[in-house]
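J.: The lines below spell out each chain.
There are 2 protein chains.
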Amino acid sequence: MDHMISENGETSAEGSICGYDSLHQLLSANLKPELYQEVNRLLLGRNCGRSLEQIVLPESAKALSSKHDFDLQAASFSADKEQMRNPRVVRVGLIQNSIALPTTAPFSDQTRGIFDKLKPIIDAAGVAGVNILCLQEAWTMPFAFCTRERRWCEFAEPVDGESTKFLQELAKKYNMVIVSPILERDIDHGEVLWNTAVIIGNNGNIIGKHRKNHIPRVGDFNESTYYMEGDTGHPVFETVFGKIAVNICYGRHHPLNWLAFGLNGAEIVFNPSATVGELSEPMWPIEARNAAIANSYFVGSINRVGTEVFPNPFTSGDGKPQHNDFGHFYGSSHFSAPDASCTPSLSRYKDGLLISDMDLNLCRQYKDKWGFRMTARYEVYADLLAKYIKPDFKPQVVSDPLLHKNST
Amino acid sequence: MDHMISENGETSAEGSICGYDSLHQLLSANLKPELYQEVNRLLLGRNCGRSLEQIVLPESAKALSSKHDFDLQAASFSADKEQMRNPRVVRVGLIQNSIALPTTAPFSDQTRGIFDKLKPIIDAAGVAGVNILCLQEAWTMPFAFCTRERRWCEFAEPVDGESTKFLQELAKKYNMVIVSPILERDIDHGEVLWNTAVIIGNNGNIIGKHRKNHIPRVGDFNESTYYMEGDTGHPVFETVFGKIAVNICYGRHHPLNWLAFGLNGAEIVFNPSATVGELSEPMWPIEARNAAIANSYFVGSINRVGTEVFPNPFTSGDGKPQHNDFGHFYGSSHFSAPDASCTPSLSRYKDGLLISDMDLNLCRQYKDKWGFRMTARYEVYADLLAKYIKPDFKPQVVSDPLLHKNST
Chain A
1 MDHMISENGE TSAEGSICGY DSLHQLLSAN LKPELYQEVN RLLLGRNCGR
51 SLEQIVLPES AKALSSKHDF DLQAASFSAD KEQMRNPRVV RVGLIQNSIA
101 LPTTAPFSDQ TRGIFDKLKP IIDAAGVAGV NILCLQEAWT MPFAFCTRER
151 RWCEFAEPVD GESTKFLQEL AKKYNMVIVS PILERDIDHG EVLWNTAVII
201 GNNGNIIGKH RKNHIPRVGD FNESTYYMEG DTGHPVFETV FGKIAVNICY
251 GRHHPLNWLA FGLNGAEIVF NPSATVGELS EPMWPIEARN AAIANSYFVG
301 SINRVGTEVF PNPFTSGDGK PQHNDFGHFY GSSHFSAPDA SCTPSLSRYK
351 DGLLISDMDL NLCRQYKDKW GFRMTARYEV YADLLAKYIK PDFKPQVVSD
401 PLLHKNST
Chain B
1 MDHMISENGE TSAEGSICGY DSLHQLLSAN LKPELYQEVN RLLLGRNCGR
51 SLEQIVLPES AKALSSKHDF DLQAASFSAD KEQMRNPRVV RVGLIQNSIA
101 LPTTAPFSDQ TRGIFDKLKP IIDAAGVAGV NILCLQEAWT MPFAFCTRER
151 RWCEFAEPVD GESTKFLQEL AKKYNMVIVS PILERDIDHG EVLWNTAVII
201 GNNGNIIGKH RKNHIPRVGD FNESTYYMEG DTGHPVFETV FGKIAVNICY
251 GRHHPLNWLA FGLNGAEIVF NPSATVGELS EPMWPIEARN AAIANSYFVG
301 SINRVGTEVF PNPFTSGDGK PQHNDFGHFY GSSHFSAPDA SCTPSLSRYK
351 DGLLISDMDL NLCRQYKDKW GFRMTARYEV YADLLAKYIK PDFKPQVVSD
401 PLLHKNST
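Protein chains in written order, with full-length UniProt numbering: chain A, 1 to 408; chain B, 1 to 408.
These are calculated hints, taken from the structure and not from any lab test. Errors might be hidden in some of the hints.
Which copy is meant is left open, because identical chains are indistinguishable; a pair holds if it fits in one copy or across any two.
Derived pair list, reagent style SDA-like, types lysine to any residue, alpha-carbon separation capped at 20 angstroms [claimed, not checked]:
1) 387 with 377
2) 173 with 361
3) 405 with 238
4) 387 with 404
5) 387 with 361
6) 394 with 379
7) 369 with 315
8) 172 with 404
9) 67 with 307
10) 32 with 19
11) 119 with 57
12) 367 with 28
13) 165 with 203
14) 172 with 190
15) 390 with 380
16) 320 with 369
17) 369 with 30
The shape of chain A in the complex, shown without the other chains:
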């Protein structure tokens, strides 16, 4: 695997880390076992005092993974045994993938190509017994918002459109709840676009939807050119497997957004995203994990992989010349738990399916253990925010009375 030195010094063969799929693979391959054990404890935490246990998946799932060349990893989070409640173990899956065809291909072929690419990965999740599966942000299309061109709007579809129909069959077949983040066209309201996650129940019914709450205008992420901030609040969807919510992409930078899903009772919050190395990679292992700790729930973080090349060049607002590529989307999907433990990440450049068994009892155990909800003093912050949103808000500043003595 020859190494390509990219602009920010990152040696990569198609997005690997010095030839390794992930940081954790690099560390475990290059550190003595006793050193790696300690590094692993510090970087991935401990679940019930131990490092995460691997799950043995059925051969049928592994066969699909090798045949269709996608990364397949599985680890489980346990909780302490309780007297009054049985364990509530749910098997959850995340899929990260690159687009299937060049962005010059006909749009319908591009979407069909992604369906075909995802089918075996969803099948692998199905045969592995996944109960709840989440796909990546705007999974049916290239992340074309960098171009600010309107033609890509054709990829938008209603909540009950083609991609939902494709997934409803699989949801029924595998008794699986599926979270499907798409570009939505609201045909009942002026055909306006939204960045929306559709929640499909394990009976194939549409349980509901959530629209992205916080919209970026950063570099190539010109999403405010296409859609506004969502108007669905912070819904938690009660499914037969547990209470889930969806914090879409840029929403992960907003602690209040994470907080709100927790206040509404979420046990698992998914963060389907599309983000690139240059911009956010050192932040990626921090924000979701912090949310899981602070709000005592599980988080599933998904990011697409690959570099997408668009027909017409575009500029990125960074003073550099126009260019045609958007990426590298660095994948690295992972799960984070309320006890600060987390899974190693999926590959930085391959399609992948990450599976995790989670005992949802861990959420309440950590609310009790750390007491973050009990000690939160929400009334103090309700009062502060109520004042802050007023034009005459005055920050609470204590000035050094000798301040001006210093400056003369």
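Using the hints, position chain B against chain A.
T.: Below, chain B alone, put in the same frame as chain A:
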């Protein structure tokens, strides 16, 4: 250095990581340079596209460090050049330390021992030109709250007590703002105790104080036995060197607490703490760094070092037998910046002084670049919290209409 296998498999000589002072020392000593460069990028981020630059400190500071055997590190965060503002570079210091004498020694000797231990470290900060210095939580005493014994209350002192007087001289001598987290006894209000940070100006005057907002009741951290939640709000102190705030220890687990200091205009928020490996170590590099990213300000995280042994045994509410020790406090103090970059951490077990030059212009540059304040939608969350604190709050839950079909 013989290695001691501790209960959670952590091999340590007095708290080292397999013989190394810190995770970053372990990785840089055991990975090939090109691998370490990539791991460093992922774990410590990039500042202005580069890894952090080291600062060359005066020989006099280094001499104090070797003579008094404390870890001394220095790195600088730069910002982009601007046309309308000059760089606003401030030199900031953090001190982590173990107690000086056994907890069986007379209390006054224990405090005097800590003053004597800190004097050369503060001198090193002074000769190195530190502008703002922050000490660790309850720095004048052992972290005795694990015992729930009342006698340790004798360590408490008024805001203008002995420790403040000791520091005021040094503040004047070195033209240095000093943040001094102590156990406060409020003699004007019934001699009640508080966990308080005293802010001493660079002219030696007391600018003000902030009392710990969120109080733990977790394991050995029986702080609610001694003091209540603070009543000083979220003050930002305007000093000649910049706007600072103090988020004390357990407050780091509360994103709303971090948020509030940012809304009041803080450019640097200190997090003086006292926390132990078993409980929080995998969380330590996450929470402060997330706060710096989400709120676009710098964070200085300080944790004490060592294991403290108390005269009378105590239990920890974990079902295990009584014991006399509290620790290992794992140090690892570090700085985090708004651009997601951060310094390697100080030693896990030695006293230490961490110095950083920070261009405070980076805060506003990142508010503009990422737009987190602009896209925050505070009014949505003001409304949610106002409802949440009411007894009749109803979570926003969308239930699968076929939920009961499943369970029959």
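J.: Give the relationship of residue 172 and residue 404 under a CA distance limit of 20 angstroms: within one copy only, between copies only, both, or neither.
T.: Result: close only across copies, 16 angstroms inter versus 71 angstroms intra.
J.: Should residue 405 paired with residue 238 be assigned to within, between, both, or neither, using CA atoms and 20 angstroms as the limit?
T.: between (61 angstroms within a copy, 14 angstroms between copies)
J.: If the cut is 20 angstroms between Cα atoms, do residue 390 and residue 380 qualify within a copy, between copies, both or neither?
T.: So residue 390 and residue 380 pass the 20 angstroms test inside a copy (16 angstroms) and across (13 angstroms) alike.
J.: Given identical chains, is residue 387 near residue 377, meaning Cα to Cα at most 20 angstroms, within a copy, between copies, both, or neither?
T.: Both: 16 angstroms inside a copy, 14 angstroms across copies.
J.: For the identical chains here, do residue 367 and residue 28 meet the 20 angstroms Cα criterion within one copy, between copies, both, or neither?
T.: For residue 367 and residue 28, neither the intra-copy (32 angstroms) nor the inter-copy (37 angstroms) Cα distance is at most 20 angstroms.
J.: My question is about residue 369 and residue 315: at a cut-off of 20 angstroms on alpha-carbon distance, are they close within one copy, between copies, both, or neither?
T.: between (50 angstroms within a copy, 16 angstroms between copies)
J.: Since the copies are identical, ignore which copy is meant and state whether residue 394 and residue 379 lie within 20 angstroms (CA to CA) inside a copy, between copies, both or neither.
T.: both (19 angstroms within a copy, 16 angstroms between copies)
J.: Pop the pair residue 119 and residue 57 into one bin, within, between, both or neither, using alpha-carbon distances up to 20 angstroms.
T.: within (18 angstroms within a copy, 59 angstroms between copies)
J.: Please work out whether the CA atoms of residue 67 and residue 307 approach to 20 angstroms or closer within one copy, between two copies, in both situations, or in neither?
T.: neither (23 angstroms within a copy, 53 angstroms between copies)
J.: I want to check one pair: residue 32 and residue 19. Are their C-alpha atoms no more than 20 angstroms apart within a copy, between two copies, both, or neither?
T.: Close inside one copy (19 angstroms) and across copies (13 angstroms); limit 20 angstroms.
J.: For residue 172 and residue 190, with the copy left unspecified, which applies at a CA distance of at most 20 angstroms: within, between, both, or neither?
T.: neither (32 angstroms within a copy, 67 angstroms between copies)
J.: Check residue 165 against residue 203 for me: Cα-Cα at most 20 angstroms, and say if that holds within a copy, between copies, both or neither.
T.: within (13 angstroms within a copy, 70 angstroms between copies)
Of the numbered hints stated above, those contradicted by the structure are hints 2, 4, 5, 9, 12, 14, 17, listed in ascending order.
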